[in-house]
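Here is how the chains run, residue by residue.
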Amino acid sequence: MSLDELYRQVILDHYRNPRRSGSLAAPDAHADGNNPLCGDEIALDLALRDGRVIDVAITGRGCSISQASASMMADRIVGKTLAEIDALTHQVKRLLDIEEGDPGLDPERPGAVLGDIESLAGVRRFPVRVKCADLAWTTLAEALAPHSGTPT
Amino acid sequence: MLDLSHLRADFPILDRQVHGKPLVYLDSAATTQKPVQVLDAMDDYYRHHNANVHRGAYTMAEEATELYEGARRRVARFINAAAPEEVVFTRGTTSAINAVAYGWGLHHLQPGDRIALTTMEHHANIVPWQLVARVTGAELTYLPLTADFRVDVGAIGDVIDSRVKIVAFSGMSNVLGTIGPLAEAVAAARAVGAISVIDAAQLVPHHPTDVRAIGADFLAFSAHKMLGPTGVGALWGRRDRFEEMEPAEGGGEMIRDVQLHSSTWADLPHKFEAGTPPIAEAVGFGAAVDYLEAVGMDRVRDHEREITRYALDRLAEIPDLTVYGPDDTAQRGGAVSFTLADIHPHDLATILDQSGVAVRAGHHCAKPLMRVLDVPATARASFYLYNVPGEVDVLVAALHEARRLFGVA
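So the sequence lines, in the order shown, correspond to chains A and B.
Residues 1 to 152 (the numbering used here) make up the first sequence, in order.
Residues 1 to 409 (the numbering used here) make up the second sequence, in order.
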């Protein structure tokens, strides 16, 4: 049943126990994201050094998909360069069918490429919910845009 | 329970399926479904009588005008207006309230004057007043709610004082279902010389409404929430109030004479109907009123009280479910807002949709009320004359499924 694919245990775990929840005292980058239609909100703080994200903190409220996606993102991007994050973001958007193309997952080893984020794939069958999963990633791109110098 | 299930045959859309399940439409507070009688009336108008109104000497123009004005007479009779010209057709409740805000408020409010609302208002009965307050220097003030989700009439004496020039409030909340303090607020407004404006978008479709008995100055409602089409609604107003109101929109149809530098206005109600009106929609509005009168608004109301009672009782069986609204069906309509454990309302709506159940999730255009309730959003099931108890059972089963999916113990 597709609802079980959408609401996987890992999504509910991130929803109920969001990783890196909170805010940074002096963030190098910040963005607020919201979906006016459904009211999902996140506020994203990033610490940057030498072209890498070295710390992340997120507050937000909204549906399980939006908040779990933000939590998974926070887990995944620490330590990555902005170029790596840009590539990851495009990969996630392909996973969510927002961008065309193969997200490049390893079918033999689920979770090996994107980790928990791969569990968001179930949202593709619920078109009105794709925006919820995408909110964190759009907000991330917005926060990094002034620092990356490359279009996201 | 009063059985109106035979009416379902008049609503073709109720036969459709969603995700392989029969549609269970529980979003009539957002918009209602339309019976074939309304669809046919609009179709007949376009096929056989389509012409612009009020300005043709030929046969079809006369027919179109008669159909349009006939719809006005039906709507006026439906709410017991003193005369058809006390009913102005608008785009809906929102444009009706804006017409009063800009047509009356803008020309009568002074700096320091107050507009009294309640904290359960829809944005349509907040934002127009904010816009006009910004221009005039008037201020907004609010009647609070009680712990049992009713407007606190005990606070009327504190809130509605001589500074208040407009009292605008919901006749029935689209979130809580709460029936507004019609008699108390109208009386309080009159006592301080203020006008009273009722947002009746949820009241008129669901409750017998007699504007002369209520005694307010203006009352606004929408066709699409009472079996009619989108794009048309009505502003009822007392003639003397309409006379002291300026048109918020100018254009064709609403003038008596136009000179190069000034114009004079047409008589009521045309003074407030600039431009070609939504003619087919008004015809559909009239057919919707006919349909509701044939059923009888007392029976519509009785049926709704019964199915709401049934829904409240069934929802009370579900652990961790919270209903926001009065429990006594004498004090409420059929919009039932709720939350379930820590499951976000949008997730609930997705889960219910898989069972064919259409409910609304979100802030319901009532963000100040969400803050009062201290929730970001609610799910809302709302009922109308075509809903049956079996649909409540489908809703309840789907809510149990939601608990399972989210592992709510």
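Simulated from the structure, these hints should not be mistaken for laboratory data.
Among the hints, erroneous ones may be present.
Derived list of chain B stretches under chain A, where covered just means 3 residues or more per stretch with a C-beta under 8 Å from a C-beta of chain A [stated by the list, open to error]:
1) 349 to 359
2) 396 to 409
Not close to chain A: a few residues of chain B, all C-beta gaps over 10 Å, as computed [unchecked claim]:
3) A61
4) T146
5) H346
Simulated restraints on C-beta separations [as the list claims (entries may be wrong)]:
6) R16(A) with A147(B): 54 to 64 Å
7) E5(A) with R73(B): 52 to 62 Å
8) R163(B) with L37(A): 31 to 41 Å
9) V135(B) with D50(A): 22 to 32 Å
10) D75(A) with V408(B): 38 to 48 Å
11) R16(A) with D40(B): 44 to 54 Å
In this text, a Cβ means the ideal position worked out from N, Cα and C, and glycines have one as well.
Tested hints:
| no. | hint | result |
| --- | --- | --- |
| 1 | 349 to 359 | holds (count 3) |
| 2 | 396 to 409 | holds (count 4) |
| 3 | A61 | holds, 42 Å |
| 4 | T146 | holds, 26 Å |
| 5 | H346 | violated, 4 Å |
| 6 | R16(A) with A147(B): 54 to 64 Å | violated, 29 Å |
| 7 | E5(A) with R73(B): 52 to 62 Å | holds, 56 Å |
| 8 | R163(B) with L37(A): 31 to 41 Å | holds, 38 Å |
| 9 | V135(B) with D50(A): 22 to 32 Å | violated, 53 Å |
| 10 | D75(A) with V408(B): 38 to 48 Å | violated, 25 Å |
| 11 | R16(A) with D40(B): 44 to 54 Å | holds, 52 Å |
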